[in-house]
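S.K.: The lines below spell out each chain.
Number of protein chains: 2
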Amino acid sequence: MSQPATASPVAPADVLAAIAFGPDGLVPAVAQQHDSGEVLMLAWMNAAAVAETLTTGRVCYFSRSRGKLWRKGESSGQVQRLVELRIDCDGDAVLLLVDQHGVACHTGRRSCFFRAARGGGLVEIMAPEVSEEALYGAGHAGHGAAGGGAT
Amino acid sequence: MSQPATASPVAPADVLAAIAFGPDGLVPAVAQQHDSGEVLMLAWMNAAAVAETLTTGRVCYFSRSRGKLWRKGESSGQVQRLVELRIDCDGDAVLLLVDQHGVACHTGRRSCFFRAARGGGLVEIMAPEVSEEALYGAGHAGHGAAGGGAT
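Protein sequence lines correspond, in order, to chains A and B. Its first residue numbered 1, the first sequence is counted upward by one per residue in the working numbering. Its first residue numbered 1, the second sequence is counted upward by one per residue in the working numbering.
Note that these hints are calculated values from the structure, not bench results. Built from N, CA and C at the ideal position, the CB exists for glycine as well. Hints may be right or wrong, so weigh each one.
As the list claims (entries may be wrong) - A few chain B positions that, by computed beta-carbon distances, are all more than 12 Å from chain A: (1) Gly25; (2) Gly67; (3) Lys68; (4) Glu74; (5) Gly77; (6) Val79; (7) Asp99; (8) Gly102; (9) Arg115; (10) Ser131; (11) Glu133; (12) Gly137; (13) Ala138.
Stated by the list, open to error - Covered stretches of chain A (in silico footprint by chain B; criterion: 3 or more residues with CB under 8 Å from a CB of chain B, positions within the stretch not fixed): (14) 11 to 19; (15) 36 to 50; (16) 66 to 78; (17) 96 to 109; (18) 116 to 129.
With the sequences and hints as input, model every part of the structure.
M.R.: Shown next as structure tokens:
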């Protein structure tokens, strides 16, 4: 799973032209920790989010629940540095190799995929590493606002 | 990345209840090779596809382009055996740990994510391991029919 340590700035035009955004202007993006291979989360990007991510090297999504750009970690500090952006054969999905600072999930777990179908039902296979309160402060609205990953 | 070698049959009801299918009845599903950690593809599942996958241990998607269940490998032989199904925090994405037989991509590449944004644009970082003709025979309609992964 070794990848380049740092993404070079990439001119977004060619990349944007190769992405088949859906009717809602969004494409699903999978974030994977570049060295361990952990799949951290799935979120959505619009063209502006892809362009900003490529330009700044810091991952930016589009929050469907908030209807605006979501710079990962802007509330929680749990930022994702881009190592490499990849596109699938049809251009309708994006894979982000990232370096995740801290935890990806708003629940304080490393990955959002912490529930596994085993035996009779769903089992939690990952414990929180940090509390939601520590991530967002008391009385936060992190979850609803985030729609998944730590904001 | 070590996982159980074989998925036990799982009663689908609890799992289905925890998945937030979209307005179109679908949820995005990421397939990851269980031992190497390679992200192989992103496709879509409806409730019937999830239930069949859990029951049979062989991954079944829903093909958006064909509008029907798509038993991965039914045309190409490149089947995916389910090792474990996971659900994210909001239930609106699925991670499939699989054992991929052969190649995941209809282009004959191991992964559908074979184009990387590097330097001036997109670079192919993976070569085909098998020809499309070998996968589907001459005159196949594999790509259009598959909408991504090897059918």
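S.K.: Look at each hint and say if it fits the structure.
M.R.: Against the structure, the hints come out as follows:
1. Gly25: Non-interface label on Gly25 of chain B holds, nearest chain A Cβ at 15 Å vs cutoff 12 Å.
2. Gly67: holds (16 Å)
3. Lys68: Answer for Lys68 of chain B: holds, closest chain A Cβ roughly 18 Å.
4. Glu74: Given a closest Cβ separation of 18 Å, the condition holds.
5. Gly77: holds (18 Å)
6. Val79: It holds; Val79 of chain B is separated from chain A by about 18 Å at its closest Cβ, greater than 12 Å.
7. Asp99: holds (15 Å)
8. Gly102: Consistent with the label, Gly102 of chain B stays out of reach of chain A, its closest Cβ about 15 Å off (over 12 Å).
9. Arg115: violated (5 Å)
10. Ser131: The claim holds: Ser131 of chain B sits with its nearest Cβ about 15 Å from chain A, beyond 12 Å.
11. Glu133: holds (17 Å)
12. Gly137: The claim stands: Gly137 of chain B keeps its Cβ more than 12 Å from every Cβ of chain A (closest is about 19 Å).
13. Ala138: holds (20 Å)
14. 11 to 19: holds (count 4)
15. 36 to 50: n = 6 at 8 Å, threshold three: holds.
16. 66 to 78: Coverage by chain B is violated here, the residue count being 0 at a Cβ distance below 8 Å.
17. 96 to 109: Result for this restraint: holds, n = 4.
18. 116 to 129: With 8 residues close enough to chain B, the hint holds.
The structure does not agree with the numbered hints 9, 16 stated previously, though it agrees with the rest.
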